[in-house]
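Chemist: Spelled out, the chains give:
2 protein chains.
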Amino acid sequence: MTTEQAEQSIAPRADFAEESSVEIVVDSFARTPDLRLKQLMTSLVEHVHAFVKDVEPTEEEWQRAVDFLTDVGHMCDDTRQEFVLLSDVLGVSMLVDAINHRKSAGATESTVLGPFHMVDSPRRELGANISLDHNGEPCVFAGQVRSSDGSPLPGALVDVWQANGDGYYDVQQPGVQPGLNLRGLFTADAHGRFWLRTVVPRYYPIPDDGPVGKLLAATDRHPNRPAHIHVIAEADGHTPLTTHLFVEGSPYLDSDAVFGVRQSLVRPVTTVDDPLRAEEYNVANPFRLIEFEIVLDPLTERHSHAN
Amino acid sequence: MTTEQAEQSIAPRADFAEESSVEIVVDSFARTPDLRLKQLMTSLVEHVHAFVKDVEPTEEEWQRAVDFLTDVGHMCDDTRQEFVLLSDVLGVSMLVDAINHRKSAGATESTVLGPFHMVDSPRRELGANISLDHNGEPCVFAGQVRSSDGSPLPGALVDVWQANGDGYYDVQQPGVQPGLNLRGLFTADAHGRFWLRTVVPRYYPIPDDGPVGKLLAATDRHPNRPAHIHVIAEADGHTPLTTHLFVEGSPYLDSDAVFGVRQSLVRPVTTVDDPLRAEEYNVANPFRLIEFEIVLDPLTERHSHAN
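Going down the list, the protein sequences come from chains A and B.
Per this note's numbering, residue 1 is the first one in the first sequence, and the count goes up by one each step.
Per this note's numbering, residue 1 is the first one in the second sequence, and the count goes up by one each step.
You may find that some hints are simply not true.
Note: identical chains are not told apart, hence a pair may lie in one copy or across any two.
Think about it this way: if two alpha-carbon atoms lie no more than 16 Å apart in a straight line, the pair counts; the simulated EDC-like pairs of lysine to aspartate or glutamate are [unchecked claim]:
#1 LYS103 / ASP220
#2 LYS38 / ASP54
#3 LYS214 / GLU234
#4 LYS53 / GLU293
#5 LYS103 / GLU19
#6 LYS214 / GLU23
#7 LYS38 / GLU23
#8 LYS38 / GLU61
#9 LYS103 / ASP27
#10 LYS38 / ASP27
#11 LYS53 / GLU280
#12 LYS214 / ASP71
#13 LYS103 / ASP209
#14 LYS103 / GLU61
#15 LYS103 / ASP15
Since the hints were made in silico from the structure, they are not lab data.
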């Protein structure tokens with residue numbers, strides 16, 4: 001034990017007071033053996049106390065906050081994560097995503113994983129139709145995975161999942177939608193290209209029958225996310241990418257309830273009149289098409305060590 | 001709708017980015033009809049985002065935070081409030097108490113209510129013995145309720161509750177302790193004086209078999225509170241006071257897990273050899289005594305309106 005530690009443990013703790021509250025509570029975490037945990041608790045105390053001092057809650061408001069957090073906790077079960085929803089609607093999930101996935105200028109931007117990647121996507125052949133319930137406007141989803149220097153990435157993995165034409169994922173409608181509907185794990189060809197058949201997804205509300213939904217209602221916010229297709233792309237020697245493609249023209253592109261939209265990820269649904277391409281994709285001509293080029297960052301030293 | 005509002009709703013939302021995250025999320029709460037709720041959400045977003053930017057959590061750390069909060073929520077039921085415990089060990093409960101009960105210089109300081117005032121104390125006659133299980137060292141608890149100008153407050157109400165000599169409240173040991181053990185609501189006499197028979201309470205741990213207990217263990221903090229007697233004092237024309245008396249010499253006076261100790265509230269257990277006073281209190285001579293003078297602030301205009 002150092003002299004400083006001995007003095008800390010002998011000196012009586014000062015009375016709790018508004019002006020010294022952070023110092024007193026931070027000091028209580030002084031012996032935390034895990035230095036990262038100590039840093040997290042220190043910062044948490046600083047910011048939570050600053051918040052309380054800023055708003056000066058009444059005791060009734062503090063009790064309502066306790067009740068709200070309790071309700072959020074009680075809403076959580078194996079298929080519902082209300083604290084993730086709370087993090088989402090406060091922009092915290094996107095902030096954590098942004099901090100952890102700072103991209104080079106040319107790379108495809110990331111956005112949140114979301115709560116619906118709860119089952120592994122089944123491996124499917126290029127060109128397969130992932131719409132098993134045929135609910136929605138048929139379209140082809142195609143693109144190429146490249147490195148940031150423009151070179152194609154053969155054999156890249158492209159994991160795709162999305163809602164149907166009614167705005168629901170398979171896991172939200174067991175017994176209505178077939179299992180593994182609108183999910184697929186594809187391996188890009190020798191040119192890094194991928195293509196598959198699907199439907200244009202619909203916008204949808206995040207689950208809003210719990211306390212987070214009540215918070216949105218009380219703050220005059222809608223619960224909707226604009227139409228999107230989730231994508232995870234991975235290739236050897238590159239940083240994996242978790243992102244969405246957003247459908248141009250969808251409602252709520254300007255007010256995504258979870259702040260996930262990036263303008264660089266918005267793509268149109270075009271109509272293509274080209275018999276050869278239609279034959280290539282095994283669809284009737286003309287056909288609807290969403291194209292999504294994906295650019296991955298090469299692994300840096302830092303990322304290599306982290307992975 | 002004002003021109004400014006129309007522009008807000010027409011202007012496309014900027015892409016989410018680390019540097020503009022607060023502005024974007026705060027703007028989403030712009031239409032909150034309840035202005036206090038809007039202020040709370042705005043400040044919450046500012047401080048939570050500042051915390052995230054300060055510590056830059058990994059996605060795994062963010063997930064662990066979600067899991068921790070979920071565990072805290074699942075620990076809550078009708079008799080256990082784990083979010084209050086979390087608030088307590090982070091000093092937030094004491095901070096809210098301090099903000100809401102700023103006292104004049106001479107008034108008795110307040111401290112947290114705690115979770116054990118869950119049943120109404122039974123009305124008892126002055127001098128009654130509230131120790132129904134006789135577990136602990138017998139003592140007299142006595143004092144006087146005065147206004148800040150020194151004048152006694154006849155008929156003041158003094159609500160007392162405490163743990164027994166093993167450090168447990170009645171509600172923690174149903175079937176072991178008699179119901180309403182160590183609880184009493186007393187009416188002070190014509191001189192503002194109150195007295196009752198009880199036992200010297202023992203220090204005790206806050207419930208530490210849940211996620212908050214795990215947090216304390218991981219940060220090398222003990223879960224104990226020093227020995228104390230809870231008091232709520234009320235008198236006409238005065239601000240009600242919720243406080244504790246802390247027992248001088250108790251372990252953990254310098255490291256209360258919930259930061260409730262104020263040096264001005266520490267009192268000794270003295271031995272009194274005085275046959276007349278022993279007779280007055282209906283105890284054998286000599287006897288043990290804790291004295292606690294209580295000074296209440298007169299209601300101000302502001303308090304009068306609030307009540």
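Chemist: Compare the structure with each hint and give your call.
Modeler: Verification of the supplied hints:
When the C-alpha separation of LYS103 and ASP220 is checked against a cutoff of 16 Å, the pair qualifies neither within a copy, at 34 Å, nor between copies, at 39 Å. In this assembly of identical chains, LYS38 and ASP54 lie within 16 Å of each other by CA distance solely across copies; the values are 13 Å between and 24 Å within a copy. In the homo-oligomer, the alpha carbons of LYS214 and GLU234 never lie at most 16 Å apart, since the shortest distance is 38 Å inside one protomer and 37 Å across protomers. When the C-alpha separation of LYS53 and GLU293 is checked against a cutoff of 16 Å, the pair qualifies neither within a copy, at 48 Å, nor between copies, at 31 Å.
Proximity of LYS103 to GLU19 under the C-alpha cut-off of 16 Å is restricted to the inter-copy arrangement: shortest distance 15 Å between copies versus 41 Å within a copy. Taking the shortest alpha-carbon separations for LYS214 and GLU23, neither the intra-copy value of 36 Å nor the inter-copy value of 22 Å comes in at or below 16 Å. Taking CA atoms no more than 16 Å apart as the test, LYS38 paired with GLU23 passes inside one copy only; the shortest distance there is 14 Å, against 29 Å between copies. Taking the shortest alpha-carbon separations for LYS38 and GLU61, only the inter-copy value of 13 Å comes in at or below 16 Å, while the best intra-copy value is 29 Å.
Taking the shortest Cα distances, LYS103 and ASP27 never come within 16 Å of each other, neither inside one copy (38 Å) nor across copies (26 Å). In the homo-oligomer, the alpha carbons of LYS38 and ASP27 lie at most 16 Å apart inside one protomer (10 Å), although the nearest pairing across protomers, at 33 Å, exceeds that limit. Taking identical chains as interchangeable, the C-alpha atoms of LYS53 and GLU280 are never at most 16 Å apart, the minima being 64 Å within one chain and 48 Å between chains. Taking the shortest Cα distances, LYS214 and ASP71 sit within 16 Å of each other inside one copy (11 Å), while across copies they are farther apart (22 Å).
In this homomeric assembly, LYS103 and ASP209 never come within 16 Å of each other (Cα to Cα): the closest approach is 36 Å inside a single copy and 43 Å across copies. Taking identical chains as interchangeable, the C-alpha atoms of LYS103 and GLU61 are never at most 16 Å apart, the minima being 41 Å within one chain and 21 Å between chains. Taking the closest pair of Cα atoms, LYS103 and ASP15 come within 16 Å of each other only across two copies (15 Å); inside a single copy the shortest separation is 48 Å, beyond that limit.
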